[in-house]
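Engineer: With chain P's structure known, arrange chain Z on it following the hints.
Quick note, the sequences are listed as chains P and Z, same order.
Numbers 1 to 197, taken from the working numbering, label the letters of the first sequence in order.
Numbers 198 to 394, taken from the working numbering, label the letters of the second sequence in order.
Keep in mind that the hints were calculated from the coordinates and are not lab data.
Ideal placement from N, C-alpha and C gives every residue a C-beta, glycine not left out.
Worth double-checking, as some hints may not be accurate.
Where chain P lies over chain Z, by a calculated footprint (3+ residues, C-beta under 8 Å) [stated by the list, open to error]:
(1) 314-320
(2) 333-341
One-sided and incomplete, this derived list gives chain P residues near chain Z with beta-carbon spacing under 10 Å [said to hold, decoys possible]:
(3) Leu-19
(4) Asp-21
(5) Arg-77
(6) Asp-97
(7) Ala-117
(8) His-124
(9) Tyr-128
(10) Gly-136
Facing chain P, from chain Z, some residues (calculated, C-beta under 7 Å) [said to hold, decoys possible]:
(11) Arg-219
(12) Arg-305
(13) Val-306
(14) Arg-311
(15) Asp-324
(16) Ala-327
(17) Pro-328
(18) Ser-330
(19) Phe-381
Protein chains: 2
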Amino acid sequence: MELALLYSGGKDSSLAAVLLDRFYDVRCVTGTFGVTDDWQHAERAATELGFPFDRIDLDETVAREAVARMYEDGYPRNGIQYVHEHALETIAELDVDAVADGTRRDDRVPTVSRAQAQSLEDRHDVDYLAPLSGFGRHAVDRLVEVTFDVEQGPSEEIPKSDYEDELRVLLAEAHDVDAVAEVFPDHEQTYVHGRTD
Amino acid sequence: MELALLYSGGKDSSLAAVLLDRFYDVRCVTGTFGVTDDWQHAERAATELGFPFDRIDLDETVAREAVARMYEDGYPRNGIQYVHEHALETIAELDVDAVADGTRRDDRVPTVSRAQAQSLEDRHDVDYLAPLSGFGRHAVDRLVEVTFDVEQGPSEEIPKSDYEDELRVLLAEAHDVDAVAEVFPDHEQTYVHGRTD
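Excised from the complex, chain P in its bound form (with noise of 0.2 Å):
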């Protein structure tokens, strides 16, 4: 069974991916709206891991609405969300059996509920899976560390291809550097570089 799982080249979908590939012929797909090459981080961790990778373009108005959102809110929470269910829209449009996400038990944002994901399932005749939903972020922490080679530190020094660093650019050009320190906290990112065995 094919299935296209939303892929960063962080911790949380490259474990999805290992999780799922049990079951399903896993191709990891990374959303780009064209405005850098961040893409190719998870193209690389991708490669690395030993999956197909595949870059998917997300429609820039998306972005550009998403990122209006995030500066009349003063946080990314929304539009995050709301680029998350177009990437997940956009997938569910390819030719496959199943979409996948990497999001945990315990994410705040980007969330799917329940009714989100049978409509999605319902409208592109597809299955959603949220592997990690079960899971709290100690025990991903824990298989983390296991399975992966991983690089962690501040958000925007490590590579990766989850949107955030894009939406960055565009809140730059849109308002200015102030802006985007203002919406974006400094938090912990992780990028994963191949396995441990």
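Structural biologist: Showing chain Z alone in chain P's frame:
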């Protein structure tokens, strides 16, 4: 890492076992109130799948309280939920790194909320995993189909070990067989007979 999985011999907990097997030393654990020998069905199913098995004694007071609740309600949901929570608390006392169950995204009962999961983890210093909570009914059915040799039929004819039979017996003892028919409407159950491959 050692993991104790609440196991019934049905398709959901069997699929959970296979998913978790990628990362954990999975032990299938079936709780019993000592009312029937139904736990033996789960032992047989676990053995056919190649997983170690343990029986664990549950508190019969809990079963009697659950039966009283179900009789009062006229439906089994709250009683089943109560027993499931007791079973999770019981296996969380075992010397393991993680406990798990086979609850799915679309299950109405039992359910374990994010707050309940966190509380269980904090009080017992253990990870709680619900590996199927991000999988809908359709996805589970497809994965079961390619993974297991399954027997399906009305719940009273399928050998299983999900407390239901023990609760039925206690309900009949406390009241009569009409009470059992009233509380437990007909529904389909599954029993796993080994793998397809």
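Engineer: Work down the list of hints and note, for each, if the structure agrees.
Structural biologist: Evaluated hints:
Coverage of a stretch by a chain is defined here by at least three residues with a beta carbon nearer than 8 Å to that chain's beta carbons; for the region 314-320 of chain Z and chain P the count is 3, and the condition holds. Coverage of the region 333-341 of chain Z by chain P holds in this model, with 5 residues showing a Cβ closer than 8 Å to a Cβ of that chain against a need of three. Against a cut-off of 10 Å between C-beta atoms, the interface hint on Leu-19 of chain P holds, since the closest Cβ of chain Z lies about 6 Å away. Taking 10 Å as the C-beta contact cut-off toward chain Z, the hint placing Asp-21 of chain P at the interface holds, the least distance being around 8 Å.
Given hint, Arg-77 of chain P at the interface with chain Z, is violated; its Cβ is 17 Å from that chain's nearest Cβ, farther than 10 Å. Interface hint status for Asp-97 of chain P: upheld, as the beta-carbon distance to the closest one in chain Z is roughly 8 Å, under 10 Å. For Ala-117 of chain P, the interface hint holds, the least distance from its beta-carbon to any beta-carbon of chain Z being 6 Å, beneath 10 Å. Interface hint at His-124 of chain P: violated, since its Cβ lies 12 Å from the closest Cβ of chain Z, which is beyond the 10 Å cut-off.
Proximity of Tyr-128 of chain P to chain Z holds as hinted, the smallest CB-CB distance being about 7 Å (cut-off 10 Å). With a cut of 10 Å, the hint placing Gly-136 of chain P at the interface with chain Z holds, because the nearest CB-to-CB distance is about 6 Å. Interface hint at Arg-219 of chain Z: satisfied, since its Cβ lies 6 Å from the closest Cβ of chain P, which is below the 7 Å cut-off. With its C-beta approaching chain P no nearer than about 11 Å, Arg-305 of chain Z sits outside the 7 Å limit, and its interface hint is violated.
The beta carbon of Val-306 of chain Z comes no nearer than 14 Å to any beta carbon in chain P, farther than 7 Å, and the hint placing it at the interface is violated. Below 7 Å, beta-carbon pairs count as interface contacts, and Arg-311 of chain Z has one with chain P at about 6 Å; its hint therefore holds. Taking 7 Å as the C-beta cut-off, the interface hint given for Asp-324 of chain Z holds, the closest approach to chain P being about 4 Å. With a cut of 7 Å, the hint placing Ala-327 of chain Z at the interface with chain P holds, because the nearest CB-to-CB distance is about 3 Å.
Taking 7 Å as the C-beta cut-off, the interface hint given for Pro-328 of chain Z holds, the closest approach to chain P being about 5 Å. Look at Ser-330 of chain Z: its Cβ gets to within about 4 Å of chain P, closer than 7 Å, so that hint holds up. Against a cut-off of 7 Å between C-beta atoms, the interface hint on Phe-381 of chain Z is violated, since the closest Cβ of chain P lies about 25 Å away.
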